[in-house]
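Given next are the chains, with one letter for each unit.
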Amino acid sequence: MLNLVSPSNIYFILEKIIKFINSIFFLILLISLTFALILSPPDYLQGDSVRIMYVHVPSAWIALACYTSIAFLSILNFIFKIKNFFLINKSIAPIGLLFTCLAVVTGSIWGQPTWGTWWEWDARLTSMLVLMFFYIGYILAIKTIKNESFAIKISSIIAIVGMINIPIIKYSVDWWNTLHQPASIRLTGSSSIHTSMLMPLLLMLLVLLLYSALIFLMKYKTEIIRMKKKNIKRL
Amino acid sequence: MLTKKVKNRILFLTLFITILVVFIFYLAKILNNNLLFFKTPSDLIENQNIKIGKSIRLGGMVKKNSIVATSDEIKFIITDFKNEIIVSYKGAVPNLFLEEKGVVAEGFLKDKKYFIANRVLAKHDENYMPPELKEVIKNAK
Numbered sequence: 230m231l232n233l234v235s236p237s238n239i240y241f242i243l244e245k246i247i248k249f250i251n252s253i254f255f256l257i258l259l260i261s262l263t264f265a266l267i268l269s270p271p272d273y274l275q276g277d278s279v280r281i282m283y284v285h286v287p288s289a290w291i292a293l294a295c296y297t298s299i300a301f302l303s304i305l306n307f308i309f310k311i312k313n314f315f316l317i318n319k320s321i322a323p324i325g326l327l328f329t330c331l332a333v334v335t336g337s338i339w340g341q342p343t344w345g346t347w348w349e350w351d352a353r354l355t356s357m358l359v360l361m362f363f364y365i366g367y368i369l370a371i372k373t374i375k376n377e378s379f380a381i382k383i384s385s386i387i388a389i390v391g392m393i394n395i396p397i398i399k400y401s402v403d404w405w406n407t408l409h410q411p412a413s414i415r416l417t418g419s420s421s422i423h424t425s426m427l428m429p430l431l432l433m434l435l436v437l438l439l440y441s442a443l444i445f446l447m448k449y450k451t452e453i454i455r456m457k458k459k460n461i462k463r464l
Numbered sequence: 161m162l163t164k165k166v167k168n169r170i171l172f173l174t175l176f177i178t179i180l181v182v183f184i185f186y187l188a189k190i191l192n193n194n195l196l197f198f199k200t201p202s203d204l205i206e207n208q209n210i211k212i213g214k215s216i217r218l219g220g221m222v223k224k225n226s227i228v229a230t231s232d233e234i235k236f237i238i239t240d241f242k243n244e245i246i247v248s249y250k251g252a253v254p255n256l257f258l259e260e261k262g263v264v265a266e267g268f269l270k271d272k273k274y275f276i277a278n279r280v281l282a283k284h285d286e287n288y289m290p291p292e293l294k295e296v297i298k299n300a301k
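Residue numbers (our numbering), protein chains in the order written: chain X, 230 to 464; chain D, 161 to 301.
For reference, chain X alone in the conformation it holds in the complex (with noise of 0.2 Å):
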């Protein structure tokens, strides 16, 4: 099991699953744009400007998301210093930073013409540009110092740390008064959006994913073979 996981191996698991991404992404790609973008109806309210949301709300997700995991595996490197988890990180952050990015952007080309500004200081917005900073900080960590174990321990502190800004952006909205709408989707009790507008945003969710998905894995390959042109045969 442990021999299936060391990077060697992996390899070549690696290269075919980003050869089956690559074959269906764009057709998943097409038929999501399509449902998001010309099937889906506009809002009662705010009309067309609810097809931002199909890519602000993914966005937003796959960056909490891998925050999270980021800082899961470093704690779990903290501890255990398995040196993988730390390129698996490496991979993942840059994903993290670009959606947390495109989160905050396409939320305020959105908040233009509904609430009528594009920036306001209010818990969700300023707590998701607390994660970018952590995000900027965590990245800029691992570029900018040379030597590895020391980049390691820094960026997990990062990582840590910004760890407890995870339940501070999803709570903030019920916890105080914010310009932000709270979550229309629960997992718990009934959606307060429409199925005909659920269906793209899933659907855009999938896209996404497999997006991100392409990108690690393309990455964490990279990373692969700059270790083996390190000569480090061993983790």
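Careful: at least some of the hints might be erroneous.
Derived DSS-like pairs (lysine-lysine); straight-line CA-CA distance at most 30 Å [what the hints assert, rightly or not]:
| hint | chain 1 | residue 1 | chain 2 | residue 2 |
| --- | --- | --- | --- | --- |
| 1 | D | Lys270 | X | Lys375 |
| 2 | X | Lys375 | X | Lys248 |
| 3 | X | Lys312 | D | Lys164 |
| 4 | X | Lys382 | D | Lys214 |
| 5 | X | Lys312 | X | Lys458 |
| 6 | X | Lys457 | X | Lys399 |
| 7 | X | Lys399 | D | Lys270 |
| 8 | D | Lys242 | X | Lys399 |
| 9 | D | Lys164 | X | Lys382 |
| 10 | D | Lys165 | X | Lys382 |
| 11 | D | Lys214 | D | Lys165 |
| 12 | D | Lys167 | X | Lys312 |
| 13 | D | Lys165 | X | Lys312 |
| 14 | D | Lys167 | D | Lys214 |
| 15 | D | Lys189 | X | Lys399 |
| 16 | D | Lys298 | D | Lys224 |
| 17 | D | Lys270 | D | Lys235 |
| 18 | X | Lys310 | D | Lys214 |
| 19 | X | Lys459 | D | Lys165 |
| 20 | X | Lys399 | D | Lys261 |
| 21 | X | Lys310 | D | Lys164 |
| 22 | D | Lys165 | X | Lys375 |
| 23 | D | Lys165 | X | Lys372 |
| 24 | D | Lys189 | X | Lys310 |
Here are the in silico distance ranges between beta carbons for each label pair [as the list claims (entries may be wrong)]:
| hint | chain 1 | residue 1 | chain 2 | residue 2 | range |
| --- | --- | --- | --- | --- | --- |
| 25 | X | Gly366 | D | Ile297 | 45 to 51 Å |
| 26 | D | Asp232 | X | Ile386 | 42 to 48 Å |
| 27 | D | Val296 | X | Leu358 | 56 to 62 Å |
| 28 | X | Ile374 | D | Glu206 | 51 to 57 Å |
| 29 | D | Asn287 | X | Phe301 | 52 to 58 Å |
| 30 | D | Asn287 | X | Ile257 | 24 to 30 Å |
| 31 | D | Ile177 | X | Pro270 | 43 to 49 Å |
| 32 | X | Lys382 | D | Asp271 | 56 to 62 Å |
| 33 | X | Val390 | D | Lys211 | 56 to 62 Å |
| 34 | X | Ile374 | D | Ala188 | 30 to 36 Å |
| 35 | X | Trp347 | D | Thr230 | 56 to 62 Å |
| 36 | X | Ile374 | D | Val296 | 25 to 31 Å |
| 37 | D | Val296 | X | Ile246 | 42 to 48 Å |
| 38 | X | Phe241 | D | Lys189 | 31 to 37 Å |
Since the hints were derived computationally from the structure, they do not count as laboratory data.
As the structure is a prediction and not an experimental result, all values here were calculated from the model.
Ideal Cβ placement from N, Cα and C applies to all residues, glycine included.
On the provided structure of chain X, position chain D as indicated by the hints.
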């Protein structure tokens, strides 16, 4: 697998995270008032310390049939279904500013019941539905 070193690290991390959580929790509690993006009419009316003329944000629902627009001014009532405050505003309102919808007004209190807004933001709720469905719901009522 759990050597002494590993156990020490787990202990250290648990302590670290616990302290961090407690710290953030108290920070949030202290800052609680500042973290609120807006105050509701009840907050303003029941709280004696609110200074008249101080810049604040007021949020709530726009009361039904309360919007009165004249040539240079728009007046409406913000309610949280317990208390209400009259708001007067000069300027353009966002598209989603409607009766019985959320709104946040930025400005100051002129007196206990009268608010002068410099800026009005619409607050969207979490409901998303196609226009046809809205008609159906409206007719059913």
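Quick rundown of the hints versus the structure:
A C-alpha spacing of about 60 Å is found between Lys270 (chain D) and Lys375 (chain X), which places the hinted pair above 30 Å, so the restraint is violated. Our distance criterion of 30 Å between C-alpha atoms is broken by Lys375 (chain X) and Lys248 (chain X), whose separation comes to about 33 Å. With a CA separation close to 20 Å, the supplied pair Lys312 (chain X) and Lys164 (chain D) stays within the 30 Å bound. Only pairs whose Cα atoms come within 30 Å are accepted, and Lys382 (chain X) paired with Lys214 (chain D) is rejected, the gap being roughly 47 Å.
A C-alpha spacing of about 16 Å is found between Lys312 (chain X) and Lys458 (chain X), which places the hinted pair at or below 30 Å, so the restraint holds. Only pairs whose Cα atoms come within 30 Å are accepted, and Lys457 (chain X) paired with Lys399 (chain X) is rejected, the gap being roughly 40 Å. Restraint check: the Cα-Cα separation between Lys399 (chain X) and Lys270 (chain D) comes to about 36 Å, which exceeds 30 Å; the hinted pair is violated. With a CA separation close to 29 Å, the supplied pair Lys242 (chain D) and Lys399 (chain X) stays within the 30 Å bound.
A threshold of 30 Å between alpha carbons decides the hint, and for Lys164 (chain D) with Lys382 (chain X) the separation of about 19 Å falls inside it, so the pair holds. With a CA separation close to 16 Å, the supplied pair Lys165 (chain D) and Lys382 (chain X) stays within the 30 Å bound. Distance hint between Lys214 (chain D) and Lys165 (chain D) is unfulfilled; the C-alpha atoms sit about 57 Å from each other, more than 30 Å. Proximity of Lys167 (chain D) to Lys312 (chain X) is assessed by CA-CA distance (about 18 Å); at most 30 Å being required, the pair is judged to hold.
For the hint linking Lys165 (chain D) to Lys312 (chain X), the alpha-carbon distance of about 17 Å falls within 30 Å, and the restraint holds. In summary, the hint linking Lys167 (chain D) to Lys214 (chain D) is not supported, as the alpha carbons are separated by about 55 Å, beyond the 30 Å threshold. The hinted pair formed by Lys189 (chain D) and Lys399 (chain X) meets the criterion: a straight-line CA distance of about 17 Å does not exceed 30 Å. Restraint check: the Cα-Cα separation between Lys298 (chain D) and Lys224 (chain D) comes to about 15 Å, which is no more than 30 Å; the hinted pair holds.
Among the hinted pairs, Lys270 (chain D) with Lys235 (chain D) is consistent with the structure: their alpha-carbon atoms are about 14 Å apart, no more than 30 Å. A distance of roughly 55 Å separates the Cα atoms of Lys310 (chain X) and Lys214 (chain D); the hinted pair therefore is violated under the 30 Å criterion. The straight-line distance between the Cα atoms of Lys459 (chain X) and Lys165 (chain D) is roughly 29 Å, inside the 30 Å bound, and the hint therefore holds. Between Lys399 (chain X) and Lys261 (chain D), the direct Cα distance comes to roughly 24 Å. Compliance with the 30 Å bound is thereby established for this hinted pair.
Between Lys310 (chain X) and Lys164 (chain D) the CA atoms are separated by roughly 14 Å; this keeps the pair inside 30 Å, and the hint holds. About 26 Å separates the Cα atoms of Lys165 (chain D) and Lys375 (chain X), which keeps this hinted pair within 30 Å; it holds. For a cut-off of 30 Å, the pair hint linking Lys165 (chain D) to Lys372 (chain X) stands: about 28 Å separates their Cα positions. Annotation: proposed proximity of Lys189 (chain D) to Lys310 (chain X) is violated, straight-line Cα distance about 36 Å (limit 30 Å).
Distance hint check: the CB atoms of Gly366 (chain X) and Ile297 (chain D) are about 47 Å apart, consistent with the given range 45 to 51 Å. Distance hint for Asp232 (chain D) and Ile386 (chain X): a CB-CB separation of about 57 Å, inconsistent with the stated range 42 to 48 Å. Separated by about 40 Å at the C-beta atoms, Val296 (chain D) and Leu358 (chain X) break the suggested range of 56 to 62 Å. The hinted window of 51 to 57 Å between Ile374 (chain X) and Glu206 (chain D) holds, with their beta carbons roughly 53 Å apart.
Under the hint 52 to 58 Å, the C-beta atoms of Asn287 (chain D) and Phe301 (chain X), about 34 Å apart, miss the expected range. The hinted window of 24 to 30 Å between Asn287 (chain D) and Ile257 (chain X) holds, with their beta carbons roughly 28 Å apart. Range check, Ile177 (chain D) to Pro270 (chain X): about 45 Å between beta-carbon atoms, so the 43 to 49 Å window is met. Between Lys382 (chain X) and Asp271 (chain D), the C-beta spacing of about 58 Å keeps the proposed range 56 to 62 Å intact.
Evaluation of the 56 to 62 Å hint for Val390 (chain X) and Lys211 (chain D) yields a failure: the beta carbon distance comes to about 37 Å. A beta carbon spacing of about 31 Å between Ile374 (chain X) and Ala188 (chain D) agrees with the range 30 to 36 Å that was offered as a hint. Trp347 (chain X) and Thr230 (chain D) have their C-beta atoms about 29 Å apart, which leaves the hinted 56 to 62 Å range violated. Look at Ile374 (chain X) against Val296 (chain D): about 60 Å separates their beta carbons, and that is not inside 25 to 31 Å.
Distance hint check: the CB atoms of Val296 (chain D) and Ile246 (chain X) are about 45 Å apart, consistent with the given range 42 to 48 Å. At roughly 53 Å, the beta-carbon separation of Phe241 (chain X) and Lys189 (chain D) lies outside the given 31 to 37 Å, and the hint is violated.
Hint compliance for this structure: hints 1, 2, 4, 6, 7, 11, 14, 18, 24, 26, 27, 29, 33, 35, 36, 38 are not met, and every other hint is.
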